[in-house]
Every structure is written in structure tokens, then in C-alpha cells.
Amino acid sequence: MEFIDLLISAGLWATVLRIATPLIFGTLGELICERAGVLNLGIEGIMTMGAMVGWMAVFQGADLWTGLAVAAAAGLLVGLLHGLLTVPLGLSQHVTGLGITMLATSLSYFAYRLLLPETTTPPSITPFAPLGDGWWQAVPWLGEVIGQQTAPTLLALALVALVAWVLYRTPAGLAVRMVGENPAAADAQGISVTGVRLAAVMAGSALMAVGGAFLTLSAFNAFFFNMMGGRGWICIALVVFASWRPGKALLGALLFAFFDAVQTRLQQMTGGALPYQLFLMLPYLLSILALVVMSRRAAYPQALMVPFRKGER
Amino acid sequence: MRLERRAETPPLLSVAVPVLALLAAFIIGTLLIMISGASVPAAYAAMAEGAFGSRFALTETLTRAAPLMLTGLAAAVAFRARLWNIGAEGQLYGGALAAVWIGTAPLGIPDTLLLPAVILAGAVAGGLLLLGPAVLKTRFGVDEVVTTLLLNFIVLLFVSMMIEGPMKDPMAMGWPQSETLPMAAELPRLIPRTRLHAGLIMALVAAGLIYVMMTRTVLGFEMRAVGASPRAARFAGMGVGRVMLLVALISGGLAGLAGVSEVAGRTGYLTLDMSPGYGTGGVVVAMLAQLHPLGVVLGALMVASIFVGADAMSRAVGVPTYIADVLVAVSLLCMLTAMLFARYRLRRG
Amino acid sequence: ADKIKVASVYTVPIEQQWVSRIHIALDAAAKRGDIDYEWSESVSNADYERVMREYAEKGVDMVVGEAFAVEQAARRVARDYPETAFLMGSSFKPQAPNFSVFDNYIQEPAYLTGMIAGGMTKSNVIGVVGGFPIPEVNRLMNAFMAGALEVNPDVKFMVSFIGSWFDPPKAKEAAFAMIERKADVLYAERFGVSDAAKERGVLAIGNVIDTQAQYPDTVVASALWHMEPTIDAAIAAVKAKSFKAEDYGHYSNMKPGGASLAPYGTFEDKIPAELKAKVEAKKAAILDGSFTVEVNDAEPKPTM
Amino acid sequence: MLRLSGITKRFGALTANDAIDLDLRRGEILALLGENGAGKTTLMSILFGHYVADEGRIEVFGDPLPAGSPKAAIAAGLGMVHQHFTLAENLSVLDNVTIGTEPLWKPGRDRAGARRRIAELGQRFGLAVDPDARVGALSVGERQKVEILKALYRDARILILDEPTAVLTPQESERLFVTLRAMVADGLSIIFISHKLPEVMAVSDRVAVLRAGRMIDQRPAAGLDRATLAELMVGRKVSRPRHTAANPGAPALVFDRVSATGAGGKPKLHEVSLTVHAGEIVGIAGVSGNGQSLLADLAAGMARVEAGRLTILDHETRRPDPAAMVRLGVGRIPEDRHAEGLVGDMNVWENVIAERRNRPEFSRWGFLRRATARAHAAELVRDFEVRCPSVDATVRQLSGGNMQKLILGRALALHPGLILANQPTRGLDIGAVAYVHQRLLEARDGGAAILLISEDLDEILALSDRVAVIHAGHLTPARPRAEVTVSGLGLLMAGAGDPDAGDPHPTTPEAAHAS
Ligand SMILES: Nc1ncnc2c1ncn2[C@@H]1O[C@H](COP(=O)(O)OP(=O)(O)OP(=O)(O)O)[C@@H](O)[C@H]1O
Ligand SMILES: Nc1ncnc2c1ncn2[C@@H]1O[C@H](COP(=O)(O)OP(=O)(O)OP(=O)(O)O)[C@@H](O)[C@H]1O
Ligand SMILES: [Mg+2]
Ligand SMILES: [Mg+2]
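Residue numbers (my numbering), protein chains in the order written: chain A, 117 to 429; chain B, 8 to 356; chain C, 36 to 339; chain D, 7 to 521.
In case anyone wonders, no lab produced these hints; they're calculated from the structure. Take these hints with a grain of salt, some might be off.
[Unchecked claim] Heads up, simulated PhoX-like pairs for lysine-lysine below, C-alpha to C-alpha not over 20 Å straight-line:
| id | chain 1 | residue 1 | chain 2 | residue 2 |
| --- | --- | --- | --- | --- |
| 1 | A | Lys426 | D | Lys77 |
| 2 | C | Lys40 | C | Lys93 |
| 3 | D | Lys112 | D | Lys77 |
| 4 | C | Lys336 | B | Lys175 |
Using the sequences plus the hints, can you model the full thing?
What follows is the structure, given as C-alpha cells:
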């Protein structure tokens, strides 16, 4: 009974949205990269860098939206590096991605420590405030859920629709999908495979970085080492779960966040009868289960992880 | 401009490539050191000193290289067969957990057999951990990049559960760590008063065996064929599923051995922070070696010496310690790029 | 005497509450001119022994650090360098001749903050959010809970571990979940809990460091750890060449000034006088030795 | 309309195109001929901007064409249908056709307009396809239509078709030629590459012949005969193998009312019956997608029998597997040499022993005997005239013809009792085709039973002793070669004679399944 109440409580769903937001950004970013044929295992590092850079900008006096923009710009840059290595040079996407994660993460820590050498309590900023009251308050349950969110969460939701529209309804989106399916075909129609892939990786990386920045500018107010805690890797799984579709990506992020939110509450409700690790495992176990159920029909972008070099076969 | 595959790599180039790559990494490292305001010559002197400058430094580098060799081999074997195992970290912990369990449980294993039993247990546990994703891949087409990534989290939580629960050391004052392996289950030290242990020998032997397996045996032949073209391999009468499962067992087993090496060679007991990312480190090493089993040995030595050297350097000249990871990552990316240009040339048109 | 060389080896960044207390104490000693101070942060388990040895090789007089999870290795290093003093955070006994131990035995102020929490809660529900259930965390939580029960036997506890030391957003969500279930005082073992409390207008109890300046309307009281007595005693011993294997744990008690209840600050007037009096009395009892806070390292269990 | 002058292209030491001059006139179909590797595709790739020529210039409608830009080529009115399709299988026909036709930064696509235009083009040139179909669901012939639509959609005035008929059935080819003629009538010009000489003579106005990168000759198609053309291409007389009467022996391969379902449940075989005897070649003609791949898979051990009995070299089997087939001594030539036949990234010698790696000659105690394997491969390479740098070269470096010879050699080396030859000469030039045919006939005369599956009717008629036709999973009885005609086969392939197709002259199922 108590569990049913929990499931329909606005508090739970507000939590779900908050937990999901960085995942939505990250998953959309990864989805764009993979749709263009580039696996981006740099995501964990790019999110870390976004978290650090965005926060640092605000700490140095920029306003919050500028902070997000700075994070996006940092994402673009790291994306450019990942893109240059994997697209024109065609290096292995697995190892480049892991290398980028290593580089972006350690560089973020390095820069943080250089800029703030003597901090014994993490300095903080004033983060995005929850939306609070507004006309939405009139809607009974939903109003409460929305009131607890911050503006970047709404941005994430809007981006889902935007990314879907771009992918399916614009020539640029078609080009992205085509270079991910058959780069030679795109090339033969005068589309620059290198250009489109680079742009996609950069745009995707920018979104990932914004997802990271959400953690330091909205979910919390300071930057921490190791703060990403594997959220980037979750996004990789969510993209597969979503069969590379933005709508399903949203669904996957919400589902994962739901497991996470329920996990916290179950842990508190069951009163320590079970090891807490079991609850923490729950989101991961259920993700694998969901993948098994979904994967049969998953249609991979055919050229995912296949470098395209003009004139080579 | 486009890249064109070279018919063959000029010998001079294959020598020049690593040198040039390290030079590029060196330049970037110099910039970072200058930004942090330290003396560049002093920094590089400290780095060389820290990696190779003394018996202590050398043994430290080798100690760090041993687990990297094993996870590197794990990645190389799997990647050859196009099984994208990103889960070596989890397999490493799984192997370590099994090793500790066999080594400390009251099973009545005679002392002489204890170390072999511990090693075997670790390898089997690591192998079994990769078997799941491999079965999901061959049976249901579930992407193994994702499952192995997610399994890392699950295994770590499971290890945490075990060392806070049934396997917790009652003598550890409540600190979550496993019981300590008995002496008989420990890998011997190679040089007294250093940390260098027989895990290194284990890694070198494994590299040799994997090399022989890949190039000289029917199984290695099948693994390469399945990796290069599963359809053609099946047409030639190879059991693709069977080969994949064997690859999984071997690859996971090697990662499990890395766990054994750490727990039986270095720490003696298992904690949650035992591995500083040896799993992903292995992928890096394998790619530097271009998936060649003997190259993995060199790759691991390179990564270990850069890290150990740069870490010592950061202390010696007062640069944030994170520079060690930055330098490893930069060297990796430079090296990969340089290796590409050994195989390709830039050409107009 | 001359300056001595001290090096510390931390497994986490210096922002981490625990480590920051050691760092501050050593830094102060360095600023006073007592020591030359070097430090390494975020040293992984695999590297810890090497870093210790590096410093010992370099000839520092004292190595300070946390031996948790690298206990055997740290002791091995100490054996190999008998001329060097080692002062390590550890749950174990000292090891002759040169390996001394300390720990954050601040259960006393934690007990006091528990009393305040018990007195301040209206819903009689208190939430406790922690990283991992390790002894260093458990003993403070247990003391806190015992203190709360002393003034308010009706109080119930929720306990959550987030399985991470550095995930403030996650800690925040765990705290939110507790607030939804009527908790109105939260024990902030991790960063993020006070933020949740602030956002929802409930109260928080600080731990190890004082964060009231950042959360003036939220953080009622904090149990503070001061490493200065421990560090200064060790430095003095090294200088006097009298350093030996000792347990410095008691330097973290209230009496020598190793722990304290943070000033009420903004809550000076919001805490009922009667409650303050109870706390004062208990503090006095602790200081004069007539009351001992039990050190209980077992994992705390929720009571609702 | 188009003028190429002095085009030279070198790949390393190899000169793929050597000072080539070529003109194309309005409304003509030019056939570009040449052996495998003569440089045809290279020349067309230069024209279309995939490659940049080392020397020479290109003019289209009198204007010079910028080098190395497919975009510029399209803008100049060139359209190309590549030797290997360039379509994205997961995307729709509409997506595949419109890709690159709108500026990338346009917010939104004109999908309704595109549908209209595709329908209109389809009408005009007989290229109707459903714009919303997923390309992966289309047959090869339909995909070809999409490829041509792509060019026409961009207002191509000059269309280049690289081996467009290599994968088409005679009917589909015929339809393609109708389309091509309609286009020429519309004022387009066409360059058309093919190895199939009869169709070259039938549709082209002019032929240009390349040999080893050089333009050997250009002349009107009228009055050319096959032998002359072949000689021009190869530089010597090509003698086609003589087909002599067979001397059939015991049954080697027996399908007895075999039913099976292919991957994805799609192609199905319905109670197929067929017997192939030692010493004879039975040809299976049929339009691709009617179940011949599944039939081949059964004989190759790659698919499983659902009902009925399959007997291979006296062993009845329900679940054949490739390893068992190799043990039984079945020589197999798969349909797709790149995907199935060979492992491109492995060495020649490794590919040679891939099927027989467990035989004692090649391995002992699980260890490969590399020396014997290499020696065996070297011998095979010599015997089958495979041109490769060494047996340690990776197979990817071999040309298609040489790959096919390698597979042929591997299949024939052990004097198998049964040979499965699935599309054994697809994409090969006439010299190579003649060689493969010769070897197959020799094997037959040596007593092997051969099941030949081909979409090329000429090949079927040139080799088979008996011919059966497959349509929609039903197999007609095999009739002696002398009793069948091209037009008769064509009708059967289109479904006449199929009990499910409302055949005007129904054959009883019993008759249809008797072998
Ligand atoms: N990108 C390339 N790099 C190196 N050599 C090449 C390349 N492309 C083609 N060649 C070589 O150029 C020659 C001409 O190849 P091309 O593909 O033009 O032949 P083709 O006439 O189209 O043959 P086919 O009839 O088999 O299609 C071949 O011998 C081939 O080895
Ligand atoms: N892009 C390329 N890079 C390197 N070598 C190439 C390339 N393209 C072709 N080749 C070389 O060209 C030769 C084969 O070319 P060719 O086009 O003649 O084959 P093909 O007979 O047309 O094969 P298929 O029948 O499969 O189309 C091989 O030696 C191959 O190494
Ligand atoms: Mg060809
Ligand atoms: Mg060609």
C-alpha cells in the first residue's frame, strides 16, 4: 500500500525528472554521435569537463546560462578533438573515446586544482533555482512536479523534440543518418561525410557537456572530483536501449531515473533488512534486462564504428 | 586531402613514429608544466628519475605494468575476435573476489595447492563474468559494449556487498575489506623490500602463451577468423558461437588474473579501491600494441612508466598530481595518431 | 628547534571533509614556520605505498596519511624506514617503533548534535544520509542517534547510504526522499544533504566541518573535528626526537580540543534555552569525564 | 556532351588509367568494356569526382569539370550508379533518393514534393517504387531502380552505370534496357559497363574497350560479334569451353520433398525435390530472392531441413552443418566471395586451409602445421593460376577474379564428390569466366556431381546437363538441357508453371516434384 502511494507521489516523479535530466542531455548527445556513425566513449570525460568548466565560469562571475554555454563550448572543443581523431583519421573509436575520457577528466581536475589550489571546503555558487510557483501550480499533480524542476530540465525536454525533428525532418538530420548508415552513399551525393560526422560529434559532445554542467549548476552548487559517477556510461547503454531514437531515449532516461529514485526510497522503507548494495544494483540490472527484451529489434546504424576513408574499401 | 594506405611501412618510419609521438606528447606536457609554473627541465628530470632512475623506480614501474599487461591481453584477445569487452575492470574485481574466497574459506586445500587454486579461481570467475555478455551477444544480439560496461557497476556493488557482508574481515575493525590471504596463497616477491611480485611473471607467461595461441593454434586461427568475418568463419565450418564463448572465457579469465595478481601479489586482501582503472588501462594498452600479444607487454611498460614517472614528477616540482593521467592520455592519443601515419600517408585527391 | 619536513599522502582530494581537517592543521603548522609541508592528494590504493616510500626515501621526518584500506602496506613501509615518523589515520593499534595512529573520534560532539536534533524535530523523524557504512562514519551516526534518543525517545530514524563519497546530487535526492517521508532534521554526513534541507526549509546537522556560513538558516549545529592537537603533538614529538608508536586517537576528543560543538551562530536564538541547557550540561559531563559517549562502529540501522 | 582527354591515374606503381581519351555524344549508349582490373571503374570514379586524376581534363557540355568533387559532377549533370550499390538499407527510398538534394541548413524538408517527383519519374521511365519502403526490404532489381531514380531526381543528363546487370535477372535486365532506351530517347546519354557481351551488343550504340588501363579501341556496336569483342578485351582469342554429353552415375545429392525456412522467415522452400547424379551438372535458374540462396545454404550446410529428406553423398541429414559438409567431401563455392567465401583480413594460405584446418595434414594437437599449410596453398595457387604476391598476402589485396579462383581451387582441390557452385562467375570478366567454366566441366568429367545455381541464363545453358527453375520456393522438375530454351526458362522464372501462380497450363504437384 505504502508502495503504491509512493509510486503516484509527485515527489517521486519530480525526483525522477531531476535524476533523468543529465541523462537526457548525455543520451541525446551520444545518440547524435552514434547516428552519424561515431561511438563516443569520451562521454564520461566530456560530462566531467562540462561540469567543471560550466561551474568555473559561474564561479568566476558569469551568469548561469553563460555557464551552460561555456560548458557547451568546451564540449564542442573536446568533440572536435574526438571527431578529428575518429573521423578524418579514422582511429579506433573505442580507444579514442576512452582516451578522451581520460584526458578530459584529468585535464578538468588539473585545471580545477590550478585555479583553486588551496580550497579545503569546495567553493560553491548559487545554482538554478526550482521554478516554484507559476501558472502550472494550477494543474494538481503536474504543477508540483514542474515546480520542483529547474529551467535546464525543461530545456532537456525541449531538446528531445528538437533533436527528433532535426533528425527526421530536416536535410541536415537526413545527412547525419545517412553518414551513419552508408557514408559512401552520402559521399556519392556530394555530402561531406567528414564534415557531417565532425559536426555531429561536436554537437553531441556539446550536449553531453551541458548534461555534466547540469550537475554543478542545477543539481548541486559545487564541483567535485569523481562527481560523474558513471552517468556517462549509463547514457551509452540508454542509447542502445532507445534503439537510437530520441523519444525512446527520453523514455529510457526516465525509466533509469525511476529505478534510481525508487531504489533510494525502497532502501529507506525496507529499513536495512537487505544490503543497500542490492538496491544500488537495481537500476543496472534492470537496464540489462530491458536491453535483452529490446535488443532483438534494435537496428544499429550500419556504419557505427566504421571509419570512412574516401576511396578505400 | 585524403589518407592512402601505404603498401609497406618504411623501416625508418616505424622507428621514427614512437619517437615523434612522444615528442608531441612532450610538447603538450611542457605547456602544462609551464602553465603550472614549474621548471620544465627539472620536471622532466624528475619524471625520468621517477620511472627509471633507481631500482625502486624500476620495480615500481614493473609492478604497475603487470596488471596492465593482463588486462591489456584481455582486451587484445577479445578485440581480435571483435568482442568489445569494456568490462575488464569488473572481471578484475570478480577474479580478485574469487581468489580471496578460495584463499580464505575453510576448504581444506593443502598449502602447496593453494596458490594454484587461487589463480584458477580468479581466472574462472573473470571468464564467467564475460561469458554472460558473450551469450547475450550471440543469442540475443545484445550489444556487449553496453552489457560489459553495466556489469562493471554490478560487480563492484557485489564486491562491496561481500566485503561488507559475508566476506568481511572480522579483524578489520569494521572497515570493509576481505580477509587477508594466507602466506601460502600469496605470489612471491621477486625482489625483497620492493613491491615487485610474481604477478609480473604470470603476465609475461600469459603474453607468451596468448601469442602462441593466436598465431600457432587452430583455436587462435578460429578466433581471428571469427573476428574478421563471422559469416565466412561459419561458412568454413567454425562454430562461431562456441569460439565467441571461448574468447570470452579467455579474455575474462585474463582480466580475472589481473585481479589475482593484485590481490595475491600486492595487497593481500580485497578492497573496493584496489584498481586505479586497470580495466580501461588495458584497452589503452591493447590498442597501443595494435592487439599484438607481445606488443601488449611493451604497451603496458610504456603506460606504466609514463604514469609512475609523471606521478613522481608532480610531487617533485609541485604540479597538481592529475598531470600524470593527462600525460598518459596525451601520449596515448599522440601514439595512436602517429601509428596511423605509419600505415597511411596523406595524399591529395 | 629547526623546521622539520612533513609530507602527507591523501587518498582523496583535499576538499573532502575528513582530509581537509588534516590539511588545515598541517598548513597552519607550516604557516607558523614549524614545518615544511608537502602533500599529495587523490593517491590511489595502488600508488599509496609507492608515494609513502618516495617521501621516506626523500628523507622527510614525518609522513601523515590515511592507512585505511592500505593498512598492511603502510605498516610495511614504516618497518622499512624506522628513522621516519608515521602518523596515520587507522582503526588499528600503533606499531612500534615509529607508526602512530589517529582517527576521527568526534563521537562526543556528534552526540551533542544528536541531542539538538532530537530537541528540534517536530515530526520526530530524523534522516541520516551517508556515503559508505565504514567505522569512521558509523560511530558518528550512532552517537548522533543516541544523543537524539536521549532527549526525545519518540524519535525515529531513516538511514541511507548512497554508495559514493562524491555524489552530492545523489545525496541530495536521498535527502529529498527522506523529507518527503516527514523528516525535518537531517544528519549531513555527505555534501548535498544540507542543500536539500535548505531547499525544502528543514534543518540539517553538520559533520566534521562547519558549513553554517553557507546554510545560515539550515545548519543548526555541527560536530567539528580539529586535527591541530594531534598534529601539533606529533610535530612536537618529532622535534623532541621522542616520537614513538602511540595512539593519538584521544587527541580527537573534546577535552584536548580535538573536537567541538560548533557555535550555534544563527541558531543561537532559535534553539530553546532548555535544550541548550541540557546540551551544556552534557558537554560539561563529557569534559569532566563523568559521561562517556560509546564508540559504536556497527552499521546504523533505521528505526522506521 | 562529355569529353575526357588524356586521363591518367596511378595507384602507386600501377597505372590504372593511361592517357585515356573518350567522347560521349548526346543520346547515345556507350558500352565501356575491359577485363577485371582494366580500369573501367577507376575511370568512371574520376569522372564522378571520387578520385582525382593525375593528369588529363574533363569537359561536360563544353565546360571544364572541377576535379575531385562529386558535388560538382552532379551539378554538371552527371549521375552514377555504382558497381556496388550505395544505398542505406535502414532508410526509406525517399530518404535515399533525396539525400543531398536540399541545402543542409534548410529548416525542414519538402517531402510531399519529393514524393510527387519520384512518382512522376517512375511513371515516365518505368521505375515505379514505393517511396516509403525501407530499402532493406526491396529486391535487388528494385534497389537498382532506386539507384537510377537517384540520378534522374538530380536531373542527370549523363548517366554512368557500372555493371548494372551483374546482379539482375534477364527479365530485370530487359526492363532496365527499356528504361535506358526511354532515357536516351529523352536526350540523355549513357555510359554502361558490363562483362555480358550479348547485352552489350544488344543495347549499346558504341563500344569503348580498355585493356590494362589503355583505351584500345572505340567503334560502333553495329556489326560487332562476341568473339571480336572478347579478343579486343583480352588481347588474344578466348576459347569457350566445349560442353560435351554427360555420363551420369549414382545420385550424389537428393532433395526429397524438402521444406525449409530461411533467416527472418522470409524465403521458404516448399517440398523441393531434386537429384543430382555423379558426373552431371544440374543448373538451377531463377530470379534472385526466390529461394535459391536457401537451397544453396541447405546443400552448403548453412540452413536446416524442416521437412522432407536431404541426402548428401549417401548421408541423410536434417541439420547439416558446414563442418560436416567439408568432412563428407562437398566442395562449396558460395554466392558472396567477400562475405562468405573468404576472410579478407587473413592470408591466402590461411583461407586455403580454413575449411580443413582440423585435418591431420594441417594441424596436430591443436597446433597448426604452418609449413605444410603454406606448401599446400602455394601448390593450389599455382594450379589454379591465382595471381597473388605470395601465399602470405592478405586476401583483400586480390582482385575479384583471383579471389574466385582461390575459392574454386579450395573447393576442387580434394576432388569432391559433390560441388555446390552458387553464382560462380558473378562479376568476372570473360577470360576468368571461361576459366571457371572449364574447371567445373573438368570436375564433372572427373565424376563430381555439380549443383550450379546462377541468375545468368547464359551460364546455366553453357554448363548444365539438366536445368530446373526455382520460383517462389517451388522447384520445377529438372529437364535435359536440350529441351529448354531461354524464353521457356524466362517464363518459368517469372512464375509460369508455379502451382501457386495460377499457371495456365498447370502441372500436377506430383509432376512438379518428380526429379
Ligand atoms: N584505390 C585504389 N588503390 C589502388 N589500386 C587501385 C585502386 N582502385 C583500383 N585500383 C587498381 O586499379 C586497377 C583498375 O581497377 P578498376 O576497379 O578500375 O577495374 P575495373 O576495370 O573496374 O574492373 P572490374 O571489371 O573488375 O570492375 C585495378 O588493377 C586495381 O588494382
Ligand atoms: N581502394 C583500394 N585500395 C587499395 N587497393 C585497392 C583499392 N581498390 C582496389 N584495390 C586493389 O584492386 C584490386 C582489385 O580491383 P578490381 O576492382 O579489379 O577487383 P574486381 O575484380 O573488380 O573485384 P570485384 O569483382 O569484387 O569487384 C586488388 O588488387 C586491390 O588490392
Ligand atoms: Mg569489379
Ligand atoms: Mg569495376
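Outcome of the hint check:
With a C-alpha separation of about 14 Å, the suggested pair Lys426 (chain A) and Lys77 (chain D) falls inside the 20 Å cut-off, and the hint holds. Distance restraint check for Lys40 (chain C) and Lys93 (chain C): the Cα-Cα separation of roughly 10 Å lies within the 20 Å cut-off, and the hinted pair is therefore satisfied. A hinted pair counts as satisfied when its Cα atoms are at most 20 Å apart, and Lys112 (chain D) with Lys77 (chain D) qualifies at roughly 18 Å. Using a Cα cut-off of 20 Å, the hinted pair Lys336 (chain C) and Lys175 (chain B) holds, with the two alpha carbons roughly 18 Å apart.
The structure meets every hint from the earlier list without exception.
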